[in-house]
Amino acid sequence: MYPKTRYLLAGDRAIVLEFGNEISKEVNLLVRKLYYSISKKNIEGIEEMVPTYCSLIVYYNPQRVKYSVLTKKIKELENSITEITLPTACVTEIPTLYGGEYGPDLKFVAQHSKLSIKEVIKIHTEKECFIYMLGFLPGFVYLGGMSDKINTPRLEKPRLEVLEGSVGIAGKQTGIYPIGSPGGWQIIGRTPIKLYDPQKKFPFLLKSGDYIKFYPINKEQFKEIEKKIDEENYNCKVKPYGRV
Amino acid sequence: MEGFKVIKSGIFDTIQDLGRFGFQRYGMPVSGAMDSYALRIGNRLLGNKENEAGIEISSPGLSLEVLSGTVIGITGADFNPTINNSPAPIWEALEVKKGDNISFNQIKSGCRSYLLVAGGIDVPNMLGSKSTYTRGKIGGLKGRPLNKYDIINIGNPNQKLPDIIGRKVPSINIPNYHEENEIRIILGPQDDYFTKEGFRVFLNYFYEITVNSDRMGYRLKGPKIESKNSSDIITDGIPLGSIQVPQDGMPIVMLADRQTTGGYAKIATVISVDIDKLAQMKSGNKIKFTQANLKEAQRLLQEREKNITDLQFEKKETTELKSSNARIFKVKIEEKIYKVEIKEI
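If you're matching them up, the sequences are chains L and P in order.
Just so we're aligned, residue 0 is where the first sequence starts under numbering that gives the first Met the number 0, counting upward by one.
Just so we're aligned, residue 0 is where the second sequence starts under numbering that gives the first Met the number 0, counting upward by one.
Keep in mind that the hints were calculated from the coordinates and are not lab data.
Mixed in with the good hints, there may be bad ones.
[Said to hold, decoys possible] When the alpha-carbon atoms are kept at most 27 angstroms apart in a straight line, the in silico BS3-like pairs for lysine-lysine are as follows:
#1 K200/L / K294/P
#2 K141/P / K200/L
#3 K223/P / K156/L
#4 K136/P / K227/L
#5 K141/P / K199/L
#6 K65/L / K276/P
#7 K72/L / K276/P
#8 K136/P / K200/L
#9 K294/P / K74/L
#10 K65/L / K40/L
I would like the entire structure built from these sequences, with the hints used as guidance.
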């Protein structure tokens, strides 16, 4: 964490406020607090903000707010950042079918981690994963909290197409492909849940600052959930974070 | 109302407005017209709102049949467009009738042409925008480029068509597209990742746009830009026009369909007023980056916005249609101009 937040120019319509240069929940908390505080304030001329791991990018219209005025207002909010309480986080449960054709790399991950397939699934599903940020693809969540025991390097040769809903591991990260895309992650399973659904009025399932928790399902359950999703008759289980 | 039928599609023609804002924090790219100036001016020409949707044509090939008579405007790149095989002037409001054919034939200048129509393209607003983002299957026609046989609906014009027909963008407001350009940048946000030598190279040599360039970004090739240690950063936000430099030292300028966040250091950001110029450059064209400061960039932006607001269209009256069987022509005889009406008997 930096002793003093860095204000970096990102062209003539954006500033980056950088709180540190590490992936940590403490730094990310500051990012989200400032994001929350600025959103509440409705500062004239701010068009959009994107909170990321350790910085917040603020897009503004220089026709409507001067750079000097904007940075002054943000600094004021930054000074009272400790007073901010963020809304309670929630945990969304993600049903996942592990292994087989749905998770072709599960075997490799088990071999690499010197664990049984069962143990890999247990480790992958036992802890909540924190959503640091979204980016890269619509609905893609950058997660933290996966156990180091199943840390596995990316594929040597990326696949040309990884199916939508694929759950994967890349190094110490785990993640879900919101749309089909080329990719080099070790695919251990697939969820029928849509993290991004362009047919919906609001297409995104998750937001930063919340958590997800994977849980194992079998093929019948997968098909059943998939059918319910098609009929627009399925909602993921969501509960407040910290309560069982 | 049915406006056009696609007779032949080009390589990548998409419906675009000024973009989808407010959802980047969910990973949703902004998209929108690569050359926003051409789209805005074209819309104003036709009495539309500036952010109305038009068709962005990224290479010649598109051919459309007009299904309802209306007024169109073609702006941006000159692809030698024709209406019923006769050359169609660009940056002008042109009347088209049911059954007419509009075609975009060969590249004369620029890289992206825009077809605007009075009333705009009528497709659903998805998250507040009509812009097509093909990877996310959202916007435009089912989130994809135009295909043969597509029917494109159009909206109701805001102004009476006869008032619009013949309007012209004054030549002073029409940009010239060049194969070589100076593109101004502001250093940052990660300029401290690069060496002195890296900056010297970046600001002193030409960079060529490679074929691996699209709406997401332009990959450039030229002398290697040296970074201090590594050019990997902890993933952060990517603004329009930011210049990423991966480990290989070859810059990538991030454009309309850029991903919202990324993990390469960004040496600089193209200033807003130069984005449209860049969007009209194609592979093989060359860029020389020059440094600007924030104050200058924002002043230039203000000037450009004022020019757009103050823009007064000219009105052309050469071939005005009076009634179904009469046409008026301007005829110049010995330096004197006469209005001549020719009527069918």
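Unsatisfied constraints (hint numbers, rising)
The structure breaks hints 1 and 7; every other hint is satisfied.
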